[in-house]
Amino acid sequence: MENFLVGTEQLFTDPIGILIFVVALIAGLVFGAVPGLSLLTLGAVLLPFTAYLSSTHAIMLYGVIYVAGVYGGAVTAILFNIPGSVENAPTAFDGYPMTLKGESGKAIGYAVTCSAFGGTLAAIAMMAFTGPVADFAIRNFGPIEIFALVFFGLAVVAGIGTRSLSKGWLSLLVGLLIGSIGSDPTGGIPRFHFGTLYLHGGVHFVPLILGFFAVAEVFVQGLKLAKGEYKAPKVSVSYPTFFEFWKMKFVVVRSALIGFFCGVLPGIGATLAAFMSYNEAVRWSKNRLNFGKGEPEGVVAPETANNAATGAAMIPLLALGLPGGALTAMMIGVFNLHDMDVGPLIMIEAHDLVWVLFASMFWASLAILFVGVVEAKGIVNLLRIPFPILAPTILIFATIGAFALRGNILDVYSMFIAGVVGFLMRKGDYSIPALVMGVILGQIGEDTFARSMVLLDYNVFAFFTKPISGILIAAGLITITMNIIRHRQLFGSYYAEYKDENA
Amino acid sequence: MKKFLKNALLAVLASAMSGFGLIASTSVSAAGPDGYPNRPITVICCYGKGGGSDQAVDAIVGPAAKIMNAKINKINITGGGGLNCLPEFLQAPADGYTLLQHIDTLPSRYVEGRIDLNPVTDVESLVIMNVAPTMLFINGEDEKFITDGKADWDKVVAYAQQGEGNLTVSNINIPMELVSMAVVEKHFGFKSKQVLTGKSAERFGAVIGGQLDVLMEQPGDVSKYVEAGQLKPVLALWPTRFDNFPDVKALGADYGLDWDPLLRFRGMFVKQGTPPEIVEYLAEVFAEAYNSEEHQDFVKRKSLDIVDSFRSRADTTKIIEDSVDVYINEFRELGLPIREGL
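Chains as they are written, first to last, in the numbering used here: chain A, 1 to 503; chain B, 504 to 845.
Hint data in this document are derived by calculation from the structure and do not stem from the laboratory.
Heads up, none of these hints are tricks.
Anything over 10 angstroms on all C-beta distances counts as not near chain B; from chain A, calculated: (1) Ile26; (2) Ser55; (3) Trp169; (4) Leu289; (5) Lys293; (6) Gly378; (7) Leu382; (8) Val420; (9) Phe464; (10) Leu477.
Pair ranges (Cβ atoms, derived): (11) A:Phe49 x B:Pro749: 39 to 47 angstroms; (12) B:Arg542 x A:Ala128: 48 to 56 angstroms; (13) A:Ile471 x B:Lys694: 29 to 37 angstroms.
Here the structure is a predicted model, which means the values were calculated and not measured.
Note that beta-carbon positions come from the ideal geometry of N, C-alpha and C, so glycine has one too.
With the hints as constraints, model all of the structure from the sequences given.
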């Protein structure tokens with residue numbers, strides 16, 4: 001506590017520090033929200049300039065933009081179906097349907113509050129347990145356990161966003177297939193590349209997400225406009241009530257724990273956190289059939305988790321020097337620019353600096369709450385923009401986002417192809433969330449599965465010889481079985497009626 | 504070994520000569536041939552933001568931009584193990600305004616047949632700004648491989664020889680590392696279980712966390728873990744022991760392996776067909792940028808001075824040509840597939 005107070009004092013008694021804190025907060029929110037201006041872009045642009053800042057200011061700057069940026073991406077995901085970054089993609093699954101139902105204010109309110117809560121909780125845990133948690137994670141979670149975790153998560157996916165389990169499974173499997181395009185993660189053998197170098201590296205998931213969400217949505221709404229059926233989403237500034245938040249308490253705590261845990265795993269970070277927490281929200285919810293159609297728990301879970309992962313990612317970064325993602329990798333660069341190396345000695349060698357970082361991330365998480373509340377009241381008015389102006393604007397931003405990813409025009413083509421496919425999938429009641437999760441979790445899953453197989457001598461049953469992976473795989477198999485049984489019970493009658501009506 | 508010594512001598516001579524050149528002449532002029540550059544230059548970095556190549560590009564491009572008094576933009580086109588950037592590079596005109604940053608995978612993937620870009624005939628080399636040897640590391644607390652507080656390679660070998668796949672190695676799927684490990688295995692008569700990943704955090708973490716036994720890596724990239732005692736170097740894949748690690752045995756001096764070690768190098772290239780005077784000018788600019796105080800700080804901070812990290816244009820061209828031959832021989836020796844016609 002004393003260290004935290006000293007860090008806070010250093011942060012707020014220094015006018016330059018306060019200025020950098022505020023600028024970083026706003027820049028993180030803006031860059032996180034606009035797809036073409038990702039957090040990584042901001043981080044890369046700022047990196048050379050940090051040489052002119054004091055080491056404390058430089059590190060604090062990155063901590064704050066990380067926290068603010070991960071929340072920022074939720075706003076465009078909710079309002080326009082454009083996730084600002086990959087970890088905000090699950091937020092769009094239910095956030096955007098809430099907007100269509102005229103509940104955009106509530107959706108943003110949930111996102112703001114839960115981002116702040118997740119971030120604050122993780123910041124507290126980060127301050128309390130950096131050493132032991134990092135040590136536990138690195139010793140107990142290798143590729144075998146991470147693959148089991150991904151399998152456990154994927155087991156629930158097929159039921160999201162469609163009434164047909166078979167279409168859900170088909171969507172998931174297509175997602176897994178798309179995720180397997182490119183060089184295989186262990187041997188580097190190229191697959192499904194059709195002779196093009198572009199596909200050697202696989203289909204990047206950012207253009208896919210922009211295509212399946214933003215572009216497909218423009219097509220769907222455009223078709224409605226052409227048919228004269230378009231109705232602009234109702235602008236709502238109503239904030240969730242305390243009672244509504246209270247109902248989310250279990251989702252919030254569970255997602256914060258998942259986010260924290262995923263964030264601690266080196267190289268995994270906020271993306272897995274957001275997707276896993278969304279899946280667990282579906283698994284444990286009483287309203288699981290509403291997911292993908294505007295269920296608030298579908299916003300609460302990923303937004304709590306992805307912000308919880310930001311604080312957690314600092315644990316392996318600071319304690320072991322292992323970054324959880326690209327932005328934390330850049331933070332190593334900032335430390336290096338100031339002649340410091342992250343690792344076990346950093347807590348001793350740069351004790352004050354680390355506590356300023358902890359304090360700034362804690363206060364940034366809380367600041368999101370206040371900035372976000374003000375923002376929520378104002379930003380929903382963007383929905384008043386007429387569709388003929390909004391649609392091309394969305395397409396321009398999505399195109400910039402796809403191209404800016406790595407400067408490759410083929411990513412833009414991929415995005416538009418995904419847009420057309422997404423449009424057709426929605427018409428056919430296939431599950432876009434299941435497909436997207438198949439691509440993202442499938443890529444992590446394949447990589448860890450391939451490495452697990454080497455370690456387990458290519459014996460798939462050996463997953464059950466290790467306690468953590470054994471439990472997770474068994475739980476995943478039980479979930480799949482339960483889902484099939486439950487879906488038959490729930491939708492058996494529905495399909496009978498549907499067939500009768502269409503006979 | 505002779506070949507290695509010849510190359511090393513050539514490199515030292517060339518470096519000395521280039522250093523002489525820099526001292527004897529003043530600095531490179533800001534204005535290049537025919538007013539070049541009169542618009543921003545683009546550097547295509549084929550690896551991710553924040554990674555080793557990205558940092559190497561940033562470190563040398565800054566001083567180079569100052570020397571030329573020009574803007575240099577960097578774009579990262581990642582994926583495909585550093586191959587996804589190539590179409591963008593190949594589509595750009597050969598006018599010196601599009602530079603390529605690449606590493607030793609350029610010759611090795613060509614030999615493998617994964618790319619058609621011939622690094623000898625299709626590109627002009629400008630400079631190599633990073634040269635790094637490779638070492639094997641163990642967990643700093645792994646008592647089964649430690650004798651009197653020091654990492655003991657003989658214990659690693661004895662453990663590995665107990666059974667095929669007994670020793671687990673954290674490695675990356677790049678020919679340089681894979682071939683190097685295969686050479687070690689062949690020389691010591693064991694077969695390890697290699698777990699490959701491109702993510703450095705997971706690669707290092709697997710050994711630091713005690714899940715795998717040995718890490719193959721360039722010492723500069725893991726220096727902070729070594730200083731913290733989390734990793735201990737156990738074998739230098741080099742003819743002689745390094746001054747920085749005098750207790751760590753070397754493949755050549757201690758185990759009698761007569762082998763030219765493969766190098767991790769990072770260099771800058773332009774397309775074949777770029778006007779020769781621009782190629783020469785850029786090579787001079789990067790040579791001066793390499794020696795700038797700003798860049799030298801980076802070299803020291805990243806421990807890139809274990810071996811001389813600079814190679815002039817002529818040396819870079821030679822290294823690329825030699826690398827193609829070296830990989831052809833190594834691949835043949837190991838029974839790996841080679842591009843048709845080589």
